[in-house]
Every structure is written in C-alpha cells, then in structure tokens.
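Two independent chains are provided; combine them into the complex using the hints.
Residue numbers (UniProt numbering), protein chains in the order written: chain A, 1 to 143; chain B, 1 to 147.
Treat the hints as calculated values from the structure; they're not laboratory data. This one's a predicted model, so the numbers in the text were calculated from it and none came from an experiment. A portion of the hints provided could be inaccurate.
[To be verified] Label-pair restraints from in silico Cβ distances:
#1 B/G47 - A/F91: 50 to 60 angstroms
#2 B/W38 - A/S98: 38 to 48 angstroms
#3 B/F7 - A/Y43: 22 to 32 angstroms
[Claimed, not checked] Simulated coverage check for chain B against chain A, where a stretch passes if three residues somewhere in it have a Cβ under 8 angstroms from a Cβ of chain A:
#4 9–20
#5 76–82
#6 87–93
[What the hints assert, rightly or not] Taking lysine-lysine and the PhoX-like style, the derived pairs with C-alpha atoms no more than 25 angstroms apart in a straight line are:
#7 A/K117 - B/K18
#8 B/K121 - B/K96
#9 B/K63 - B/K121
#10 A/K88 - A/K6
#11 A/K20 - A/K141
#12 A/K17 - B/K121
#13 B/K121 - A/K101
#14 A/K58 - B/K105
#15 B/K121 - A/K63
#16 A/K117 - B/K83
#17 A/K62 - B/K121
#18 B/K77 - A/K117
#19 B/K83 - A/K41
#20 A/K41 - B/K105
#21 A/K117 - B/K63
#22 A/K41 - B/K63
#23 B/K18 - A/K101
#24 A/K117 - A/K88
#25 A/K20 - B/K121
#26 A/K62 - A/K12
#27 B/K18 - B/K96
#28 B/K83 - A/K129
#29 A/K88 - A/K63
#30 A/K6 - A/K101
#31 A/K63 - A/K141
#32 A/K88 - A/K41
#33 A/K101 - B/K105
Just so it is clear, CB atoms sit at the ideal spot from N, CA and C, and this is done for glycine as well.
As a plain string of letters, each chain reads:
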Amino acid sequence: MSLNSKDKAAVKALWGKIAKSADVIGSEALSRMLVVYPQTKTYFTHWPDMSPGSEPVKAHGKKVMGGLGLAVSKIDDLTTGLMELSEKHAFTLRVDPSNFKVLSHCILVELATIFPKEFTPEEHLSYDKFFAAVARALSEKYR
Amino acid sequence: MVVWTDFERATITDIFSKLDYEAVGGATLARCLVVYPWTQRYFGNFGNLYNAAAISGNPMVAKHGTTILHGLDRAVKNMDDIKATYAELSVLHSEKLHVDPDNFKLLSDCLTIVVAAQLGKDFTGEVQAAFQKFLAVVVSALGRQYH
Numbered sequence: 001m002s003l004n005s006k007d008k009a010a011v012k013a014l015w016g017k018i019a020k021s022a023d024v025i026g027s028e029a030l031s032r033m034l035v036v037y038p039q040t041k042t043y044f045t046h047w048p049d050m051s052p053g054s055e056p057v058k059a060h061g062k063k064v065m066g067g068l069g070l071a072v073s074k075i076d077d078l079t080t081g082l083m084e085l086s087e088k089h090a091f092t093l094r095v096d097p098s099n100f101k102v103l104s105h106c107i108l109v110e111l112a113t114i115f116p117k118e119f120t121p122e123e124h125l126s127y128d129k130f131f132a133a134v135a136r137a138l139s140e141k142y143r
Numbered sequence: 001m002v003v004w005t006d007f008e009r010a011t012i013t014d015i016f017s018k019l020d021y022e023a024v025g026g027a028t029l030a031r032c033l034v035v036y037p038w039t040q041r042y043f044g045n046f047g048n049l050y051n052a053a054a055i056s057g058n059p060m061v062a063k064h065g066t067t068i069l070h071g072l073d074r075a076v077k078n079m080d081d082i083k084a085t086y087a088e089l090s091v092l093h094s095e096k097l098h099v100d101p102d103n104f105k106l107l108s109d110c111l112t113i114v115v116a117a118q119l120g121k122d123f124t125g126e127v128q129a130a131f132q133k134f135l136a137v138v139v140s141a142l143g144r145q146y147h
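Next comes chain B alone, as it looks inside the complex (with noise of 0.2 angstroms):
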C-alpha cells in the first residue's frame, strides 16, 4: 500500500486544483507525440500529426488530451487506492489499446516537464518529488493488468 504524506496529499491536490485541464492535457499529449514521435503510433486516425505545429494545433490530440487528464483526476480522488481505482482502465490499455507500458513513463515526464512551466519556482525539488512518486503510482497501476 502507498503511504501518502500530509505534505505528498496537499501538493497533489493543489497542483491539479491549479491545472486547465484541457489547456494542460493537450499540451502534454502534444509534447509526448513530439519529442517522442514513435508514440504517434497509437493514433494513426488523429489526422494531421506531420510536424510540431500539427501535433499543437490537432483537435483530436486537444480533446484526447483532455481525456488523459480527467483519468489522472480519479487518481487525485482516489490516493489511497489507486491499484484498484485503475483495475479497469489498466485492463483497456493493454486488451483494447495494446498500448506499450513504457510510454505511460513517456507521458509523465511530458506531464511533470508542463506542469514545472506553469509552476515556475512554485515547482520546487520537494514539489517535484511528490508529483513524480504520484506519477509512478498512476504508471504502476496502470501497467498492473498487462499480462
């Protein structure tokens, strides 16, 4: 079982009390299809993805994008059960979507890298901390139903 601290459980809940979901979520699916581009190979019916300026510019990136972000949020909601909160969604990403574990680890870092530049200092190494281990849960839990 994950232990949260009070400090952990503040700064999780505060960070995503600040995010626009669907400015953030687009952003971040934008940046994993860029600087990672063999991720765009999960959306071969996205359209146009040719360059940068396609990918930021998608409707459909925008809008999955924002999908992404309001899964993340039944994380937020649910800390102390994420493995079970996740049992579902887990299951669709490796039956339904065939989707690779490892680009979960893609788009995290994509996620924390969006979230430090709205943050600026406010993203401190502490801050930082906690959000990366709660990304590491979602990932983990996320990767559980793989087999």
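Isolated chain A, as found in the complex (with noise of 0.2 angstroms):
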C-alpha cells in the first residue's frame, strides 16, 4: 500500500490549506484524541494541564503538524526524512505505534469537519495511506 504518485499529488494538494491553519489543526486534534481515546492521556501525565487546547496541547499539537510536514517535504523517502523522528519516538519517546492510528484518525475526522468540500473519499484515500506511511517510518528503529 505504498502512496503512488496520484497520492503525493492529493497530500500536497490539501497540504497547502492544511498549512495555512496547521497550528490549530494539530491542537484541536491532539485535543480530540485525549478526549476520545483517554488511554492516550497516559503519555502526558507530566503535563500541567492536558484539557483540550490548553498550553501544553496547542504546543504540542504545533510541534506533531511541524513533523507532518517535514514529512510532506521528504514524501518520496519517508524512512530516511523521519530516520531522526523515528529514534526519538522509539528510543525516547516510546510511544506504542498503535497510537499513531489513534491520532491518524483523529487528524482524519479534523480534517473532515474543517475541509467538508476538499475531504473528499479520494483525498481521504490518501491522506489514510500517507498517515500509515508516516507510522511504517516513524515505527522504523523500534525493533
């Protein structure tokens, strides 16, 4: 299931809205995913604050949209542009890859609210299959 070039081409496309809002897009998602999947909130206990769009979360929610889209950047190697991302998350980090499909679907179900129009099944098509790559890279060094 690797992203062909009719993929690269529809990531890129929305990217360019995505951009403009990404901040707080990353914030409202993060938000959306300690709320829906509060397993998730285990991660940020060290955190003051983990409600939805406090400090903390629009912080963080800034630095996920940033490694998105340094990962845009890198589409056509995504093993290599996120080999540094990869060992913090696995070696640092430690985060169980089962959550990146947790916060994948919760960027998916954002974009879908804020891009009615543009979300379209073939855009969600490929923004699903980008956000797996993304994972497959990013899961690279754990093991």
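What follows is the structure in structure tokens.
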C-alpha cells in the first residue's frame, strides 16, 4: 500500500490549505484524541494541564504538525526523511505504535470537520495511506 | 450491559435526527469502497465500481447505503439492548453474507468522517466519543453470532 504519484499529489494539494491553519488543526486533533481515546493521556502526565486547548496541548499540536509538514516535504523517502524522528519515538518517547493509528484517525476527523468539501473520498484515501506510511517510517527504529 | 450517560443518549439521538439517511448512507458506503477498496469484494454484482467517480455515482451503492443507515436506526431506537436487536443481523452477516467482521470497523470509521464533515465544529471530541462508543457497540453486536 505504498504511495503512488496520485496519492502524493493529493496530499500536497490539500496540505497547502492545511499548512495555513496547521497550529489550530494540530491542537484540535490532539485535544480530540485526548478526549476520545483517554488511554493516550498516559503519555502526557508530565504536563501541568492536559485539557483540550490548553497551552501544552497547543504547543504539542504545533510540534506534531511540524513533523507532518516535514513528512510531506520528504514524501518520496519517508524512511530516510523521518529517521531522526523515528529514533526519538523508538528510544526516548516509546509511544506504542497503535497510537499512531489513533492520532491519524483524529487528524482525519479534524480535516473532515474543517474541509468538508475538499476532504473527498479520494483525498481521504490518500491521507489515510500517507499517515500509515508516516507511521511505518516512525516505527522503523523500534526493533 | 452497556451503560449510556444522558449526554450519550441525547447525542446519538440528536445526530441521527439530523442525518439524511439516503445521502449519508450512500456517501458512507461509497467512501468505504474508495478508501478501503478490498471491501468491494462483497459487491461483485453492483456493476461499475471502477473508480471513485463511478462508485460515488453508483445507484446500487446509494441504495445499499440507505439500507445500512436504516439498520443503524434500529440500534438507535434500542440502545439498551443492541445485542439482542442485532442477533438476527449478526447471523445474516456471518452465515449468508460472509462479511469479515473487521470490515464493520472500516465502515463505521467512514460514517464517523461523513458525520464529522456534516456537523463541522459541532462534532466536538465529546460528541465524537459518544458516537464512536455507539458504533463500537453496534460493531460488537454485529460480530457476536460469528462462529
């Protein structure tokens, strides 16, 4: 299920719009995840405030979207492009990879709420594949 | 037994009251067939499913989508015993239709996306949590009679 040229074009096309509100989208998606999947809160107990829209959540959402922006720019070789981030997730953060799917789903839902017309089935397909590819690249160094 | 909070009950009823079953059902099934193309295996007699445009315009997909939404309606109207309400449907999906139960989750994720697109900002995290809990119960009930 690797990304073909149609997927890459679809991802880049919508990313242009996404990038303009990346911080908000990141914060909202992360907030959503913490509410819908409370088990994900176990990774953030060091934050003074885990509530939706709080400062730590906003800052972290921005970071996540920054990582995704990097992934878009390295879409032709995600494994190499995300190598450093993979090492970080594998050795420092040690996020269980099942959570990549969970966060991806929340970002997809967020995109649907913000871009109801643009988030067509075909865009959805390409973004679902893209997030899966990013998750694979991020898991690369795990074991 | 599933325990529903007042918020969850109200949210589920509210969402379904706002849905155009034909439009949402068709859009959801079409999205599932596009995003997860292997689900097309169950619809060999549906004619042209060759590309996203064909799928989205296919009248059999639209009609079947509506059937699915009406099936969900049964769960909405019997939230306190979805398991019993769906016993027959579960047997049907297992014995007659031979649908891999993993597909139920794929379809329910597509429904979540379609509803999110319709409700926009009103599809808050709390609303999504309630909706996904409902769909998880439905999916579990549908898979219950498989053996």
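To see whether the hints hold, each was checked on the structure:
no. : hint                              : in the structure
1   : B/G47 - A/F91: 50 to 60 angstroms : holds, 52 angstroms
2   : B/W38 - A/S98: 38 to 48 angstroms : violated, 21 angstroms
3   : B/F7 - A/Y43: 22 to 32 angstroms  : holds, 26 angstroms
4   : 9–20                              : violated (count 0)
5   : 76–82                             : violated (count 0)
6   : 87–93                             : violated (count 0)
7   : A/K117 - B/K18                    : holds, 18 angstroms
8   : B/K121 - B/K96                    : violated, 40 angstroms
9   : B/K63 - B/K121                    : violated, 29 angstroms
10  : A/K88 - A/K6                      : violated, 30 angstroms
11  : A/K20 - A/K141                    : violated, 31 angstroms
12  : A/K17 - B/K121                    : holds, 18 angstroms
13  : B/K121 - A/K101                   : holds, 22 angstroms
14  : A/K58 - B/K105                    : violated, 30 angstroms
15  : B/K121 - A/K63                    : holds, 23 angstroms
16  : A/K117 - B/K83                    : violated, 36 angstroms
17  : A/K62 - B/K121                    : holds, 20 angstroms
18  : B/K77 - A/K117                    : violated, 31 angstroms
19  : B/K83 - A/K41                     : violated, 30 angstroms
20  : A/K41 - B/K105                    : holds, 23 angstroms
21  : A/K117 - B/K63                    : holds, 22 angstroms
22  : A/K41 - B/K63                     : violated, 41 angstroms
23  : B/K18 - A/K101                    : violated, 29 angstroms
24  : A/K117 - A/K88                    : violated, 36 angstroms
25  : A/K20 - B/K121                    : holds, 18 angstroms
26  : A/K62 - A/K12                     : holds, 19 angstroms
27  : B/K18 - B/K96                     : violated, 32 angstroms
28  : B/K83 - A/K129                    : violated, 33 angstroms
29  : A/K88 - A/K63                     : holds, 13 angstroms
30  : A/K6 - A/K101                     : holds, 22 angstroms
31  : A/K63 - A/K141                    : holds, 20 angstroms
32  : A/K88 - A/K41                     : holds, 19 angstroms
33  : A/K101 - B/K105                   : holds, 13 angstroms
Comparing the model with each numbered hint stated earlier shows that hints 2, 4, 5, 6, 8, 9, 10, 11, 14, 16, 18, 19, 22, 23, 24, 27 and 28 do not hold.
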